[in-house]
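Novice: Sequence:
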Amino acid sequence: MADHMADWAAAMRAGDHAAAWAISERELQRRDPARRDDQALPYHQRWVWDGRPYEGRHCLVRCYHGLGDSIQFARFLPILAARAASLTVEMQPRLIDIIAGPGGVIRFLPFLDAHPMPPSECDLEITELDFALRLTPADAPMPYLAPERGVLPHGCVGLCHGAGSWDAARSIPPHLLAPICAMAPCISLMPEPTTLPVLNPDGCPFDMKATAALVAATELVITVDTMIAHLAGAMGKPTWLLLKSDPDWRWPVGARGTPWYPSMRIYAQQSAGDWETPLAELVRDLAAHPAITAER
Numbered sequence: 001m002a003d004h005m006a007d008w009a010a011a012m013r014a015g016d017h018a019a020a021w022a023i024s025e026r027e028l029q030r031r032d033p034a035r036r037d038d039q040a041l042p043y044h045q046r047w048v049w050d051g052r053p054y055e056g057r058h059c060l061v062r063c064y065h066g067l068g069d070s071i072q073f074a075r076f077l078p079i080l081a082a083r084a085a086s087l088t089v090e091m092q093p094r095l096i097d098i099i100a101g102p103g104g105v106i107r108f109l110p111f112l113d114a115h116p117m118p119p120s121e122c123d124l125e126i127t128e129l130d131f132a133l134r135l136t137p138a139d140a141p142m143p144y145l146a147p148e149r150g151v152l153p154h155g156c157v158g159l160c161h162g163a164g165s166w167d168a169a170r171s172i173p174p175h176l177l178a179p180i181c182a183m184a185p186c187i188s189l190m191p192e193p194t195t196l197p198v199l200n201p202d203g204c205p206f207d208m209k210a211t212a213a214l215v216a217a218t219e220l221v222i223t224v225d226t227m228i229a230h231l232a233g234a235m236g237k238p239t240w241l242l243l244k245s246d247p248d249w250r251w252p253v254g255a256r257g258t259p260w261y262p263s264m265r266i267y268a269q270q271s272a273g274d275w276e277t278p279l280a281e282l283v284r285d286l287a288a289h290p291a292i293t294a295e296r
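According to UniProt numbering, the sequence shown is numbered sequentially starting from 1.
Keep in mind that the hints were calculated from the coordinates and are not lab data. Treat the numbers as computed from the prediction; the structure is a model and nothing was measured. By construction, the Cβ of each residue, glycine as well, lies at the ideal position given by its N, Cα and C atoms. Hints may contain errors.
Unchecked claim - Across the chosen pairs, the derived CB separations fall in these ranges:
hint: 1; residue 1: M183; residue 2: D32; range: 51 to 59 Å
hint: 2; residue 1: I79; residue 2: Q45; range: 20 to 28 Å
hint: 3; residue 1: R149; residue 2: P93; range: 21 to 29 Å
hint: 4; residue 1: P93; residue 2: Q45; range: 33 to 41 Å
hint: 5; residue 1: R83; residue 2: D274; range: 43 to 51 Å
hint: 6; residue 1: P118; residue 2: A178; range: 44 to 52 Å
hint: 7; residue 1: M183; residue 2: R35; range: 51 to 59 Å
hint: 8; residue 1: D274; residue 2: P118; range: 48 to 56 Å
hint: 9; residue 1: E148; residue 2: P93; range: 46 to 54 Å
Model the full assembly from the supplied sequences, consistent with the hints where possible.
Specialist: Put into structure tokens, the structure is as follows:
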């Protein structure tokens, strides 16, 4: 299992989707059908799609991973909806307003442990969509999220330094972002209060629609690898991603960009724990940013 996952991750980092799909196909053939959507496993370790056709069928997509994963793979939902007879998506409640948008042919239901799901002919987990549909990032239009725009000063920069306790190595000590606050008006995209000199020291509202509106109003988002990175990238917002030295499969090692989010620029650690080096490069680039130089 470990070798399979390592090979798959390496193929995805390299952008070799055909190789990744071949690995996934071999793994699918080896799986025990009795273990599909195994309730003895944590949600993020479950597999759902068993290889059955989805064209012309009533499909159900489950969102078993994190908020960022759901945002990243939501780009493929309209494509599946066009091929299926109907599509229902069981999604984290916080995301439904910004993913569903007004109207649409996709039915969204909140992901709740005890929520009875409608009958379907084909079940998939949202992070399986690229494999099941054989789609790459280039096959989906960008941007694919267009929330309402909030009101912020011109040239405002959104900052997000924390990625949660489950992977502390992704997070940056907030004081390291202080030089950025001296260069431009900044807002925090974290829900907690901050000591950084930002326009909202009490933090960002714990409401995805309000957060997306703030992101839409920024000139630029500077963030670590967390949901905010996916939200800003899916909106086509210029996003500078501060990345740890051993990132997961979705970020190409040594690259400055990613096909998942064309508006994103990557600033990666060269060694574990060293945020000063990529931050110094980011600050130099920010000093030359047109929105910053225009304010001088």
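Novice: Does each hint fit the structure? Answer for all of them.
Specialist: Structure-based check of each hint:
The given range of 51 to 59 Å is respected by M183 and D32, whose C-beta atoms sit roughly 56 Å from each other. Taking 20 to 28 Å as the suggested C-beta distance range, the pair I79 and Q45 conforms, at roughly 26 Å. Between R149 and P93 the beta carbon distance is about 23 Å. The supplied range of 21 to 29 Å therefore holds. Hint check: P93 to Q45, Cβ distance near 22 Å, so the stated range 33 to 41 Å is violated.
Restraint check, R83 to D274: a C-beta distance of roughly 46 Å satisfies the suggested window 43 to 51 Å. Between P118 and A178 the CB atoms are about 50 Å apart, so this pair conforms to the stated range of 44 to 52 Å. Distance hint for M183 and R35: a CB-CB separation of about 52 Å, consistent with the stated range 51 to 59 Å. A C-beta distance of roughly 50 Å is found between D274 and P118, which places it inside the suggested range of 48 to 56 Å.
Distance hint for E148 and P93: a CB-CB separation of about 19 Å, inconsistent with the stated range 46 to 54 Å.
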